[in-house]
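Build out the structure end to end from the sequences listed, making use of the hints.
For reference, the chains in residue letters:
Number of protein chains: 2
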Amino acid sequence: MTDTINHTTDHQADAIAAAGRGRPSRPAPLDAVTVDDTFWSPRIETVVAETIPFQRHQLDTVGHLHALRHEELVGDPVPHIFWDSDVAKWIEAASNSLVHHPDSDLDAQLDDVIALLASAQDDDGYLNTYFQTVEPEARFTDLRDAHELYCAGHLIEAAVAHHAATGKTSLLDVMRRYVDLIEDVFGPGEGQLRGYDGHEEIELALVKLAGATGELRYLELASYFVEERGREPYFFDLEAERRGTDGWFGSHFPGADHPGRRREYLQGHAPVREQTEAVGHAVRAMYLYSAMADLAREQEDSSLLEACRRLWDHLTSRRMYVTGGIGTSAVNEGFTEDFDLPDGTAYAETCAAIGLAMWAQRLLRIDRHRRYGDVLELALHNGVLAGLSHDGRCFFYDNPLSSRGGVGRNEWFDVACCPPNVARLLTSLGSYAYAFGDDELVMHVAISGQVRVPVGDDEAVVVVDADVLGSGRVELRVAATTTTPFTVTLRVPAWSRTTSLTVAGIEVDLGDPAVLGEDGYVSVTRSWSEDDRVVVQLDTAPRRLRPDARLADHAGLVAVARGPLMYALEEVDNGAELQMLALPRDAEVSVGHVGGLDTVHAAGTRTSIPGEGLYRTSDPVEEFAELTFVPYFSWANRGEGEMRVWVRETP
Amino acid sequence: MTDTINHTTDHQADAIAAAGRGRPSRPAPLDAVTVDDTFWSPRIETVVAETIPFQRHQLDTVGHLHALRHEELVGDPVPHIFWDSDVAKWIEAASNSLVHHPDSDLDAQLDDVIALLASAQDDDGYLNTYFQTVEPEARFTDLRDAHELYCAGHLIEAAVAHHAATGKTSLLDVMRRYVDLIEDVFGPGEGQLRGYDGHEEIELALVKLAGATGELRYLELASYFVEERGREPYFFDLEAERRGTDGWFGSHFPGADHPGRRREYLQGHAPVREQTEAVGHAVRAMYLYSAMADLAREQEDSSLLEACRRLWDHLTSRRMYVTGGIGTSAVNEGFTEDFDLPDGTAYAETCAAIGLAMWAQRLLRIDRHRRYGDVLELALHNGVLAGLSHDGRCFFYDNPLSSRGGVGRNEWFDVACCPPNVARLLTSLGSYAYAFGDDELVMHVAISGQVRVPVGDDEAVVVVDADVLGSGRVELRVAATTTTPFTVTLRVPAWSRTTSLTVAGIEVDLGDPAVLGEDGYVSVTRSWSEDDRVVVQLDTAPRRLRPDARLADHAGLVAVARGPLMYALEEVDNGAELQMLALPRDAEVSVGHVGGLDTVHAAGTRTSIPGEGLYRTSDPVEEFAELTFVPYFSWANRGEGEMRVWVRETP
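As you go down the protein sequences, you meet chains A and B in turn. In terms of the working numbering, the first sequence opens at residue 329 and continues consecutively. In terms of the working numbering, the second sequence opens at residue 329 and continues consecutively.
Source of the hints: derived by calculation from the structure; they are not laboratory data. Treat the numbers as computed from the prediction; the structure is a model and nothing was measured. No residue lacks a Cβ here, since even glycine has one placed at the ideal position from N, Cα and C. All clues given are correct.
Just the calculated beta-carbon pair ranges, DEER-fashion: (1) B:H398 / A:P587: 36 to 44 Å; (2) B:A658 / A:G734: 19 to 27 Å; (3) B:R944 / A:D440: 47 to 55 Å; (4) A:R571 / B:P516: 47 to 55 Å; (5) A:I834 / B:G733: 54 to 62 Å; (6) B:H398 / A:L566: 40 to 48 Å; (7) B:F952 / A:S645: 27 to 35 Å; (8) B:R944 / A:F952: 22 to 30 Å; (9) A:T811 / B:P938: 47 to 55 Å; (10) A:F952 / B:S918: 32 to 40 Å.
Right, dumping it as structure tokens:
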């Protein structure tokens, strides 16, 4: 038996350490991961059973599909410039869902919608509902505002997902024809548009298309769009001059009165390699950075990777909410200043948290490090999941960290980017949780289920039983093995204060920095026998998070977390005026269950200030108050009362 | 000796009580009050010696005065629509200053500026620099935005002040001619404009003009403007329709996309008697409410007074900062929602606090009650005074209650309403502090100096020695008396927890509600002998103010006050990251002096959260920190470091 576990010798420890770090990996394909998790599976089932049909219904009733029948469109409703992206994300989510939930009716629905798209495509390959039906003469004249290539990008992602799920090339063919046109129109050559889209998306989509087709030219086009961004002469100035009219956003373009911010809004303020701070519209930023990480990997481009690392560090150390939500302001749907993270007005768009997960997934392909894995886990369990109601039919677009009440999820939005984005993410969750290296399974996020791991020309099967939200026991059992040794790599989350690991019953010393380094990943390579188990025991005791002093408005406040979940107080459990509650520093906390939710309880206090008037000289009165915290993602599912993530902490 | 002091009999106590309440009073004329106060006099001297000359210089160099020579104006600079009001407020401040600081040079400067105004006046009486030189055809077509009658109002106030100070009618004559025209143009009659100005001001100015001239028609015009406001059909809609173009604010008009808020912005959302909440632009609101109080008094109009009381209660119980600052948002320079009083972004415009003092002064004429007197004192010592730098040359337009540093006063503003507004207020301070009833001196705000009190056809002199900011001893000494008995009335501030009062050496029982009722005013009527003294001993121990729970972001915070002054922490005394400081509930506080300022000191703590990253699991570390509080008004005079009024309080 070849076996490089734990700390038998320094040499072996080094080998383990080396094995676990710096090696590339790729997301596990959807069909290789079957999620069977008490936490996640009900949510995915809800998306499959409720969200996807409901969103199909929305596309019908709002008019997206009708609008694809150009000849029947008589002006009402007028297609929104984003509509094609809504259709695309529904296709992507529905395609993903077919992988583990075969459904001939849904398969046929997909064929119908794709046939509509094909019939809507112009002879030269162009496909955009808004411009084809409303402003046919204005094609590619308002890249800054009109989301034309953004829509194309989502349709490309949809095509790749549909092809991967069904083997059909119907939409892939349509989109390859469209990309042929885009390739002709955009570029540095004579007569070409030296430009790119104001809303990034097509860049990462083209990387996916290159992966699905093996055609490097798509990668080159992605690279062109990424590299051209922010260069002088500034494309959007030239475009505006040529157009001679306001763009689609008109004078209301965010930051219109401040050219610098207007450029930052769409990450056009500098060439991407020179960018140092996460700025502007948060979703745009995440999609750009995802493409940058993709290209850094595909082109082994260290300066692009360096830019990604810089931006990641800046974002996560200065501009990220404790929930993994990002983007402070509704004004630009994005970033403001360092350490400007107000709770009540937090924008923290669901799509931005999804984008953060997408970027993390891509950086983990290059550099498996807990700085990415921890944030991936955090965003998935909090900033992303909060976007979806328990019944799968209502959505948060923005995700504040406190509410004075009266805030709830909506069924749909005029700009309906978030609902289908949640759906496509949850139906592809396995690819975020698991990755494959060479003869290696990498577990970024512990989610129960079964993973088929390619090993040489063979395949191993690992069954994961992860009770991350309860006991903290995570077991990876080799259910079917191979003769070739392979590696099991897993992330030890930074949130677990004491963690133990056994491999086939033998304890591994995680205190040895050669075994578990700062990257937080530990790898075990061996010849596995059937039923060999890797067992991790995580510390899931509730813990308190306290803010960097520079989060000035959060001084003296504390947030409660357990495992990967952030917790919050809700009015339904704790009464109104949550701001008057405090959690003493020495209060015992315990875990429990309330209405199907894992809860955290503590003996707290409720302060009142007797008297009248806005400002009172009376002494505060404090009384005992049992505090009940519920997971943040679950808030606003039991009425629209007050909510708070950050709670006063008293000495 | 006829003597109705204190508690010798119940009957006498009743007489005292009855005497003190519900009786009208009028502000003491400027010439009757000589301020000689260690706190206020240096500030007034600074205004006289520095601010007024400096602002005259600004009117010269920015171009206000040049613009009055229409024939010489060649388009650069283009007069701002507000410019006449800047000139007016300077005239008012300079005139006020002449009362106690005779200055033949300043007198001559005033004559010159007034001559310029007279020469600029059109034959029909019209006088407005912007419209006369830039848009002569557009006169009275944009009342909503263009501040035409607002400028006229300030010029009327200037004329009244100049006349009162100098006896000259030069400006009064000019403005009466202009008002003749305004009276012709506006009104309900055939061919008249059934309208009013978007920015209230002329209403209260016309009441002053009526007072100065004895002409009731000015009162009627004021009443017309006040009553017409907010009625249907809505004047500004009709005006906009007639004009056919955007107003001066254009599409940037605050709340342009929300007709309801757009009306509230200028208090046009309902007829004034039906208004229940202080809304919109804060200065506009204060000027309107001041005029409403004036008219309620002059016309003995109880429903107008009732509206004032409702608005006052709403404002002071829900929308007023602890400094007496009002107006939350820079967007509308005004009010937002109840209990929305963020510190760092507080607008709390200096002019709005001045407007609040103006309104309080008017309500006190009808109803001497501490609900007005306490707020008047608070606003003067904090929200107003913070607007002026120690050197008298720099000004805050907005007055936040916390700063992360880098915020300081400016010499001037494009819209320079606040600097001359502070100047005219401080040069008329005596009229805010003291009022006269029938044979009665009323002290609303204890400021040292000398007051000549009309008694019958005679005059008494009362010398006040008020150490409100120090020992709390306030002495009113009858320096010259009359044969007729007269009344001395004073406000016992709510902030003084224990107060004693002696009259000619005899103690008065302030615990008797018949002597000191809820109104907070106590009156003593007697035949006074020379050197009789009324001595009040106030409790000036530092105290803590705690917020109503509905100020949700202030839960757990405390503000320190002493006497009428609010205090603040500044970085220069306490180091950076003030948010990490806390004031334990049982900490001893003491008073002291730092750099000429009265300070409050306490043994506090400084918390740090060891570790790295935005959110940390490490336990907080607390160390001793000596906290030094300085008066809020004095902040940002020793560098532009951090500042905080509200500080964390720990149990």
